Amino acid sequence: MKNIRVSICTGTACFVMGASEIMMLEDSIPEDLQGRMNLEIEGVSCLEKCTNHNRQKAPFVLINDNLLENATLAGVIDALRTIVEEE
Amino acid sequence: MQFFKGFSSGNETFIEVAHHQVSKYKQGAEGDIFLSQKNNKDGRIITALSDGLGSGIKAGVLATLTATMAIKFVASDIPIKRAAEIIMNTLPVCKERGISYATFTLVDIEPNARVKVIEYDNPPYILIRKQTFVEPIKEFTTIERKNIKTGPKKEAIIHYSHYEARPGDRLVFFSDGVTQSGMGSPHFPFGWGYNNVQSFILDIVGRKPDISARDLTREVVNQALLNDAYKAKDDITCGIIFSREPRDLLVITGPPLYPERDADLVRSFLNFEGKKIISGGTTANIVSRETGKKVHVNLKNLDPKIPPESEMEGADLVTEGIITMAAVAEILEKNTKQDLSCRNAAEKMVELFLNSDRIVFLVGTKINDAHQDPQHAC
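Residue numbers (my numbering), protein chains in the order written: chain A, 1 to 87; chain B, 1001 to 1378.
Keep in mind the hints are simulated off the structure, nothing from the lab. Keep in mind that a hint or two might mislead.
What the hints assert, rightly or not - Which stretches of chain B does chain A cover? Using the computed rule of at least three CB atoms under 8 Å from a CB of chain A, they are:
1) 1293-1303
2) 1307-1313
3) 1319-1333
Given the structure is predicted, the values throughout are model-derived calculations rather than measurements. All residues carry an ideal CB built from backbone N, CA and C; glycine is no exception.
Isolated chain A, as found in the complex (with noise of 0.2 Å):
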């Protein structure tokens, strides 16, 4: 099993964006992907990612250290997902 772990923005660029609802990803993991990753979650006060002007929108999540930005509850799955069937 792998480990991942999710480090969500729960700054103010972030969580007006949409990063209130990413929050809940604990209680919203498919059934088909649990029991199958050693998950993390945890929030981070700011990724201070929002002030890169690289175009980059909120809300930003890291997944083991890759960074997600214009995520959404879903895309996290996505994202999950497909390191879980990586293997």
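Position chain B against the provided structure of chain A, taking the given hints into account.
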């Protein structure tokens, strides 16, 4: 609730005046009135609690008239005996009962810490000093009523007492809705009773020596309400005047304009004596970076409108910035009397605000790039 700075000399003593009340079951209006004002000219703090005959609007009118007149008379230095006479002879007469009546407790605190208390028919006040009762000597005066026909038959006796307040003193006074709560119940067939109220308060103060006036009034009123099985049989009001050292709170929000001042910000934060709030993700990161303490965001009990709170060693509360602050301002402006449930970060911040006497805001003036229009970002 009001906070006043008292005792004009250099020592730092604050006088916290707080009250809490619930109205009689199914009554929308309170029949007990609590008023408090600080006289800016001479620094006196004058507080009145009045319980009008009956309940609801009628009682509220009687009590409001009594409390307002009492405060105005005392503020204008009209002798209290004369003031009591005027009040008693002015109150309107209840149509049903044919009498005019409202009780009062009047507390006048001078800047030199001299406290004068005048009581008429409310339960006697309780003075707690160093976790024990102190009973100042009371003088009795009988007031003659002009309106003998419409006044109650028993004599009107005014109790007058005075003492020098010391830091730590708590002056507790309440309406008879407190002492008579639970009347008729198997547990308290004759009501909670003055002695039981005394022991209850002393017990809380013994267990929580630093409890604020605001919290203590809530404990007393909630217990009385519990005695009445949450259907108050009368208006229940408790007022407390607490003289104590001021409680300080620091709120830091926003990063400094120049990053080289980050260390100054964190130094001020660390050196502050009192409770501390960090509001803002970047600000929290700065403190975390400089102190080496990690920020843990709490993702349990999420609120869809308010970003979650975090924990950091050395801070009493860590929150997001602008959304939380806006929610705090909204709660404070609404001036809701209801108890806060303290579910989200904003409510927790309000709770900390209300339990502090001096709040220092350290505001960083850096403009958040993320909030600027990306087309015009500099």
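Right, here's what the structure says about each hint:
1. Only residues whose C-beta sits within less than 8 Å of a C-beta in chain A count toward coverage, and the stretch 1293-1303 of chain B has 6 of them, enough to reach three; the restraint holds.
2. Only residues whose beta carbon comes within less than 8 Å of a beta carbon in chain A count, and the stretch 1307-1313 of chain B has 3; three or more means the coverage holds.
3. Only when three residues or more bring their CB closer than 8 Å to a CB of chain A does the claim for the stretch 1319-1333 of chain B stand; here the count is 4, and the claim holds.
Checked against the numbered hints above, the structure violates none of them.
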